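Hey, can you work out the whole structure from these sequences and the hints?
To convert, note that position 110 of the sequence shown is 115 in our numbering; the numbers rise steadily by one, no gaps.
In case anyone wonders, no lab produced these hints; they're calculated from the structure.
Since we're looking at a predicted model, the values are computed, not measured.
No residue lacks a Cβ here, since even glycine has one placed at the ideal position from N, Cα and C.
Among these hints, one or two may not hold up.
[Said to hold, decoys possible] The following label-pair restraints were derived from C-beta to C-beta distances: (1) Tyr-36 x Lys-89: 21 to 27 Å; (2) Glu-40 x Asp-63: 18 to 24 Å; (3) Tyr-36 x Glu-130: 31 to 37 Å; (4) Ser-83 x Lys-33: 29 to 35 Å; (5) Cys-126 x Tyr-36: 16 to 22 Å; (6) Lys-89 x Gly-38: 33 to 39 Å; (7) Gln-30 x Ala-95: 18 to 24 Å; (8) Trp-34 x Ser-79: 16 to 22 Å; (9) Glu-108 x Gly-38: 27 to 33 Å.
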Amino acid sequence: MMNEGEDAGKMEKNRVENSAKHWEQIQKWLYEGEETIYTYGLLLDMVVLTTRRIVLIDRTLFGREKGILSIPYSRIDSIGLYVKGFWNRAHVLEIRTKGKTYELEFKRGTDCQGVYRWLSCLICE
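Take a look at the structure:
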């Protein structure tokens, strides 16, 4: 079992690796003065936590953006994390706003708990 320091170190390593991988892809969507805190690639999509909002980028199989959605942290009512499926288990991060619920499905073995923790900190400030 990892202690908090090891867990934080693992989260930071994942954050840096993912940020480097997706850095160029998110730059064109950032506002002046906005900074990327955490990026994570899903199967075809990407989740980006910035200093102002969460950005969801929906991509096609060929890597081009199909759609982008921005949710300011102040508009998020609640978030949840649960396991979906029996044999092919996947973690699902649920983001609820007044108008809609968004589900982000993480493939097995990804640090979805890290995304949940970061997002929890940002929406509870």
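Results of checking the hints against the structure:
no.: 1; hint: Tyr-36 x Lys-89: 21 to 27 Å; in the structure: 33 Å, violated
no.: 2; hint: Glu-40 x Asp-63: 18 to 24 Å; in the structure: 23 Å, holds
no.: 3; hint: Tyr-36 x Glu-130: 31 to 37 Å; in the structure: 18 Å, violated
no.: 4; hint: Ser-83 x Lys-33: 29 to 35 Å; in the structure: 30 Å, holds
no.: 5; hint: Cys-126 x Tyr-36: 16 to 22 Å; in the structure: 21 Å, holds
no.: 6; hint: Lys-89 x Gly-38: 33 to 39 Å; in the structure: 37 Å, holds
no.: 7; hint: Gln-30 x Ala-95: 18 to 24 Å; in the structure: 23 Å, holds
no.: 8; hint: Trp-34 x Ser-79: 16 to 22 Å; in the structure: 19 Å, holds
no.: 9; hint: Glu-108 x Gly-38: 27 to 33 Å; in the structure: 30 Å, holds
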